[in-house]
Amino acid sequence: MRKHWNPIVLIHRTNTRPPLPFPCPDFNQSFHPSTCILIKNLDHMNQDITVPPPSNSVHKPKLRPTLNSYFNKPTLFKAFFFCFLPFLISLFLIAYLNQSSKNSEMVLLAGFCNGSDIANVDSSESKSVPFQETRTGHACSTMGEPCISCTTFNILAPIYKRLDQQNQSVRESDFRAFWLARNKKIVNWLLYERSSIICLQEFWVGNEELVHMYEESLGAAGYDTFKLARTNNRGDGLLTAIHKEYFKVLNRRELFFNDFGDRVAQLLHVQSVAPFSINQNESVQQEIIIVNTHLLFPHDSSLSIVRLHQVYQILQYLETYQRENKLSQMPVILCGDWNGSKRGHVYKFLRSQGFVSSYDIAHEYTDSDADAHKWVSHRNHRGNICGVDFIWLRNPHKSQKLLKISWAEAAFGIIKYQLKKVSLAENDAFAFLRADSSGNHITYSAFCDALRQVNLTGLSHGLSFQETKDLWVQADADGNGVVDYEEFKRIWDATWLQHMDEDCSLEDLNEGIAEDKAIGFAVKKAVLFPHEVEKGIWPENYSLSDHARLTAVFSPVRLRCSKQSL
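In this text, residue positions in the sequence shown follow the UniProt record's numbering: the first is 1, and each later residue adds one.
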C-alpha cells in the first residue's frame with residue numbers, strides 16, 4: 001500500500017535544515033533544494049494552496065506580528081487593552097446614556113409641540129445679541145447722570161404654560177428639560193440687563209430647583225431676593241430682587257388679599273446707597289417704596305370689582321404703612337401684571353391717585369383711546385393681545401383725591417359698564433335703579449337690589465355690605481336718603497372723574513415759587529422686549545413667556561411744590 005505523505009509536514013521538516021542558497025526558477029528566490037522541489041510538486045497537486053513569498057534575506061523570513069503574539073508577551077499593551085481601554089469605553093457608554101436620557105424629554109415634547117416651538121425655546125432670543133439700549137443697568141453711566149432702573153416681567157410659571165392646545169392638561173412643568181432651558185434664558189437676560197429693581201410674577205415657588213437657580217444666580221450678581229407664594233398652595237407667586245449696589249432694604253411687608261384669586265403683593269421700603277443731590281451743598285439718601293403684585297385675570301366682567309378691590313387694598317396699605325412709620329412723602333413705584341389695559345377701571349383708578357405709567361410718559365402717550373393700543377405686552381390663553389404690564393410712578397406731593405372718593409368713582413364706573421353692557425342708556429339705567437320706587441328717585445334698597453342683579457353683590461367676590469354702604473353715601477350727595485336724577489346724572493356723566501393736575505414741577509422750571517422741596521423721579525426711558533410689541537404686534541417666534549419684559553429708567557429730580565396733596 002502506497003504511503004501518503006503530508007506535504008505541509010514535509011515543508012516544515014525540510015525547512016528545519018540549515019538554509020542553503022539555491023535559486024528556485026519558478027519563484028526567483030533562494031530556497032533549500034528540497035523545499036523548491038516540494039513547492040513545485042504542491043503546485044501541481046493542489047492549486048488552492050499558496051505560499052507567501054519569502055523575504056529577500058537568505059534567513060528565515062520574519063512573519064508580521066499578530067495580536068496573539070502581543071498577548072504572549074508581558075508588554076504595556078496588555079495593561080492598556082485590559083485596563084485602560086475598558087475604562088474609556090465605560091466612560092463613553094455612560095456619557096451616551098446620560099445624553100439619551102436628557103434628549104428623551106425633548107422627544108416626548110415633540111409629540112405635543114411642533115418643531116418650531118421646541119426650537120424657539122432654545123433660539124428665540126439667542127438669535128441676536130441683546131440691543132445695547134436695553135441694557136439698562138449700564139444706561140445710567142452713558143447718560144452721565146445718576147439713575148435707577150426697574151424691570152417687571154411675568155415669566156409664565158411652567159404649571160400654567162400649555163404645550164398642546166388640543167390637550168390643555170399637558171403643561172411645561174411635566175418636562176424638566178423644557179422649563180429649565182426657558183428659565184435659564186430668562187435669568188441670563190435679567191443678568192445682562194442688570195436692573196436696579198427686578199419684579200417677577202408667576203414665579204414658580206413650588207419648585208425648589210427653579211427657586212434655587214434664581215436665588216443663586218441673582219445672589220451671585222449682587223441682588224437681595226424676596227419671594228412670596230400665593231395663598232392656598234397655588235404653586236406660583238412673586239419674586240422681587242433689589243441690587244445691593246443701588247439700594248438697601250429697610251423694611252418689607254407681605255400683603256395677602258385672601259380673596260377669590262388668592263393674590264398677594266410685596267411691599268419693600270428701600271433707601272438709595274448713593275446719595276442724591278438736592279443742591280450744591282446738600283444731598284440725601286432717597287427712600288422709595290416698591291410694590292410688586294399680580295392682579296386677578298378678569299375671566300368675566302363681574303370679576304372687575306375684585307381687581308379693583310385688590311388695588312384698593314394696596315393703596316390703603318401704603319397709606320397705613322407711611323402713617324404708622326411716620327414717613328414723609330416719598331416716591332412710590334408699583335410694578336406688576338395688572339391684567340387690565342389703559343381703558344380699564346384699574347388704570348383710571350390709579351391715575352386718579354396720582355400715578356403715571358412710565359412707559360406712556362417715556363413715549364409721550366396720552367390716556368386717550370387713540371393711544372390705548374399703541375403697544376401691547378401680553379397674549380393671553382385666548383389669543384388676545386393687550387397691554388397689561390405697567391411700572392407706575394407717583395412722586396411726592398402729586399395731587400390726588402381722597403382714596404375713598406377715587407374708590408367710589410371707580411366702582412360707579414364698573415356699575416355703569418355693567419348697565420351699558422345690557423344696552424341700558426342713561427334714562428333706562430335710572431329707571432332700572434329706581435325699580436318700583438313711587439317717586440322719581442332711587443332708594444337704598446332698590447340700589448342694593450340693582451347691584452345684586454348685575455352680579456356686583458351677593459357673591460363671595462362681590463362688594464361687601466360696608467363697601468355698598470360707602471358707595472351709597474357718595475351717591476347721595478345731599479344726604480337726604482335718596483338719589484334723585486341730578487345726583488344720578490352726576491355719576492353717569494362721570495363729571496368727578498377728571499384727573500387732577502400735578503402740583504409739583506421741576507425746580508429749574510419754577511424759579512422762585514416755593515416752598516416745599518422734595519426728591520422725585522423723572523422717567524428717562526422705557527422699553528419693551530421683544531421690540532415688536534412696542535408697535536402693537538405680537539411676534540409669533542417669541543416663546544420666552546406670554547408677556548413682554550418692561551424696563552424703565554428713572555433719574556432723580558428736585559421738585560418744588562406750591563401746595564400739599566388733597
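These are calculated hints, taken from the structure and not from any lab test. Wrong hints could be hidden among the right ones.
[What the hints assert, rightly or not] Distance condition first, Cα-Cα at most 30 Å in a straight line; then the derived DSS-like pairs of lysine-lysine: (1) 248 with 326; (2) 401 with 421; (3) 326 with 404; (4) 161 with 374; (5) 244 with 469; (6) 248 with 524; (7) 525 with 374; (8) 244 with 374; (9) 535 with 489; (10) 489 with 244; (11) 244 with 401; (12) 525 with 185; (13) 184 with 489; (14) 401 with 535; (15) 161 with 185; (16) 525 with 421; (17) 326 with 416; (18) 184 with 248; (19) 416 with 185; (20) 374 with 326; (21) 525 with 535; (22) 416 with 404.
Hints and how they fare:
1. The straight-line distance between the Cα atoms of residue 248 and residue 326 is roughly 19 Å, inside the 30 Å bound, and the hint therefore holds.
2. The suggested pairing of residue 401 with residue 421 holds, with an alpha-carbon distance near 28 Å, which does not exceed 30 Å.
3. For the hint pairing residue 326 with residue 404, the CA-to-CA distance comes to about 21 Å; that is within 30 Å, so the pair holds.
4. Using a Cα cut-off of 30 Å, the hinted pair residue 161 and residue 374 holds, with the two alpha carbons roughly 27 Å apart.
5. Taking the CA atoms of residue 244 and residue 469, the gap is near 46 Å; set against the 30 Å cutoff, the hint is violated.
6. About 23 Å separates the Cα atoms of residue 248 and residue 524, which keeps this hinted pair within 30 Å; it holds.
7. Proposed proximity of residue 525 and residue 374 is supported: the alpha carbons are some 17 Å apart, at most 30 Å.
8. Taken as a hint, the residue 244 and residue 374 pair is broken in the structure, with Cα atoms around 35 Å apart against an allowance of 30 Å.
9. Restraint check: the Cα-Cα separation between residue 535 and residue 489 comes to about 38 Å, which exceeds 30 Å; the hinted pair is violated.
10. Of the pairs offered as hints, the one joining residue 489 and residue 244 is violated, with about 53 Å between alpha carbons and a cut-off of 30 Å exceeded.
11. For the hint pairing residue 244 with residue 401, the CA-to-CA distance comes to about 35 Å; that exceeds 30 Å, so the pair is violated.
12. The hinted pair formed by residue 525 and residue 185 meets the criterion: a straight-line CA distance of about 24 Å does not exceed 30 Å.
13. Only pairs whose Cα atoms come within 30 Å are accepted, and residue 184 paired with residue 489 is rejected, the gap being roughly 55 Å.
14. Annotation: proposed proximity of residue 401 to residue 535 is violated, straight-line Cα distance about 34 Å (limit 30 Å).
15. The hinted pair formed by residue 161 and residue 185 meets the criterion: a straight-line CA distance of about 16 Å does not exceed 30 Å.
16. The hinted pair formed by residue 525 and residue 421 fails the criterion: a straight-line CA distance of about 38 Å is larger than 30 Å.
17. Restraint check: the Cα-Cα separation between residue 326 and residue 416 comes to about 38 Å, which exceeds 30 Å; the hinted pair is violated.
18. Restraint check for residue 184 and residue 248: satisfied, since their Cα atoms lie roughly 27 Å apart, inside the 30 Å limit.
19. This hinted pair does not check out: residue 416 and residue 185 have alpha carbons roughly 45 Å apart, beyond 30 Å.
20. A C-alpha spacing of about 41 Å is found between residue 374 and residue 326, which places the hinted pair above 30 Å, so the restraint is violated.
21. This hinted pair checks out: residue 525 and residue 535 have alpha carbons roughly 16 Å apart, not beyond 30 Å.
22. Of the supplied pair hints, the one linking residue 416 and residue 404 holds, its CA atoms being roughly 18 Å apart against a limit of 30 Å.
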